[in-house]
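*Asks:* Using the working numbering, the first residue of the sequence shown is number 1, and each one after it goes up by one.
These are computed hints drawn from the structure, not numbers from a lab.
Heads up, the beta-carbon is just placed ideally off N, CA and C, and yes, glycines get one too.
A portion of the hints provided could be inaccurate.
[As the list claims (entries may be wrong)] Taking lysine-lysine pairs in the BS3-like style, the calculated list, with each CA pair at most 25 Å apart, reads: (1) Lys93 / Lys435; (2) Lys505 / Lys469; (3) Lys174 / Lys262; (4) Lys367 / Lys285; (5) Lys111 / Lys167; (6) Lys406 / Lys435; (7) Lys368 / Lys469; (8) Lys367 / Lys505; (9) Lys111 / Lys164; (10) Lys108 / Lys262; (11) Lys285 / Lys262.
[Unchecked claim] Label-pair distances were calculated between CB atoms; the ranges are: (12) Gln70 / Glu478: 39 to 47 Å; (13) Gly393 / Asn353: 54 to 62 Å; (14) Glu478 / Asp115: 21 to 29 Å; (15) Pro152 / Arg361: 23 to 31 Å; (16) Pro282 / Ile509: 18 to 26 Å.
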Amino acid sequence: MENNKKFYITTPIYYPSANFHIGHCYTTIIADAIARYKRLNGFDTYFLTGSDEHGQKIEKKAEEAGVTPQEYVDKIIEDAKDLWASLGISYDKFIRTTDEDHCEIVQKIFKKLYDNGDIYKGSYKGLYCTPCESFWTETQAVDGLCPDCGRPVHEVEEEAYFFKLSKYQDRLVKHIEEHPEFIQPVSRKNEMINNFIKPGLEDLCVSRTSFNWGIPVTFDDKHVIYVWIDALSNYITALGYLTENDANFNKFWPADLHIVGKEIVRFHTIIWPIMLMALDLPLPKQVFGHGWLVINGGKISKSLGNYKDPREYIKDYGVDAVRYYALREVPFGSDGNFSEELLITRTNADLANVLGNLVNRTIAMNKKYFDNVVVTSDATLPIDEELINVAIGAKAKVEQYMEELKVPEAIDEIFEIFRRANKYIDETTPWILAKEENKDRLKKVIYNLLESIRIGAVLLQPYLPNTAKEIFRQLNTELTSYDSIDEFGALELGKVLNDPEPLFKRIEIEK
1 MENNKKFYIT
11 TPIYYPSANF
21 HIGHCYTTII
31 ADAIARYKRL
41 NGFDTYFLTG
51 SDEHGQKIEK
61 KAEEAGVTPQ
71 EYVDKIIEDA
81 KDLWASLGIS
91 YDKFIRTTDE
101 DHCEIVQKIF
111 KKLYDNGDIY
121 KGSYKGLYCT
131 PCESFWTETQ
141 AVDGLCPDCG
151 RPVHEVEEEA
161 YFFKLSKYQD
171 RLVKHIEEHP
181 EFIQPVSRKN
191 EMINNFIKPG
201 LEDLCVSRTS
211 FNWGIPVTFD
221 DKHVIYVWID
231 ALSNYITALG
241 YLTENDANFN
251 KFWPADLHIV
261 GKEIVRFHTI
271 IWPIMLMALD
281 LPLPKQVFGH
291 GWLVINGGKI
301 SKSLGNYKDP
311 REYIKDYGVD
321 AVRYYALREV
331 PFGSDGNFSE
341 ELLITRTNAD
351 LANVLGNLVN
361 RTIAMNKKYF
371 DNVVVTSDAT
381 LPIDEELINV
391 AIGAKAKVEQ
401 YMEELKVPEA
411 IDEIFEIFRR
421 ANKYIDETTP
431 WILAKEENKD
441 RLKKVIYNLL
451 ESIRIGAVLL
461 QPYLPNTAKE
471 IFRQLNTELT
481 SYDSIDEFGA
491 LELGKVLNDP
501 EPLFKRIEIE
511 K
């Protein structure tokens, strides 16, 4: 029977940077956690990421490096894929805009828009930011600087094709008004409407003739297609749009969620939906523009001396510690501060103390008192119900938070199980029960702790997959499914647990 629960999530495709930093990773870590959560929750999930490899800045950098643009991007993409593997990113497809099938479909899209009368030939004279691949009007540029990146814009004049954004302005406004969830958070929606749409949309220059590194226009080959038309199309080319192999397109489009950085929200909420309208395709259900991960309130860069390859953090602290910090510390939608010291503090306080200590001492007690065998009894007290209610109630609360994309709150709800379990140990004092030889009560207490840990680990899988896997290994259980935590008491009696091993070691901060 086909699964009717489907979910399509994307990150923007990334410009091939030779220096990936932790800020680049944030979007993808968040998207990965959401995709993993949806899979756990029974959704047939498709998670797309990739790389945006065309454009003038790539051509220039390749020339400076003395290699072809293709050679330049090939080397960087291998490094990017290695980084995503290091972070445990579970994408279903990594698309490259230099992929042959992508290029062919983009050409078909451009031709279709031209044939429909939505693209026309003209001449462009105006301001252009090469690093951002963005066109700006005189009023939008601030003192001759790009309003996005703050670098100088330069005047360009060349023959070009234009896309009729203005034709669809009223229709776009109507869609935004009728679908308040389309642009989130609300602050981004207000910014798009007030700063970009209401002042009036100008037709967009969608081809260039001053460089060659791009997808050629099939009917006018001295033109290459504007990189944002190329890049935005990836969300449907990856699914096989306009090909014979379009099963994934029919299955997953429209996208449920585009997660993007706040600096490219306007491309995804103005150009992209208008492209789709012109192609007579449904619009994505939601575009969520998150904030930036910054260091001490400023951007991350080598020139400022605060850049570090994310793999260094992974090597020093572990992948799940890095994932936890990004997911837990940053309010989704707002800017967040990255600090190595705070990463260490979070790791010690939450991962080593709350979670690691709980798992280690619970399994150690079970080994000491019951030879690693899972046992229980009927010796129940009212205090048990408080722990059980927290453990069983977490699933619904996590679901609600994830529905609202409140990832930090969802993780905190899971850790509430672990905090309550630690408190339960203090309340029930298993060591005193053992000393008093109250075996029945001791069996019940240890079982409740083990089962609470298992439930927490099931919920933890999307966020800290390696940690959850290690907890299951120590519990020697295969009860890892979402359905297995609907009721308390599924952990199998008679199972022999594996010996306890520390999940996280406390990190000593060097003075």
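*Asks:* Run through the hints listed earlier and report the numbers of any the structure violates, in increasing order.
*Replies:* Those not satisfied are hints 1, 4, 6, 10, 13, 14, 15 and 16.
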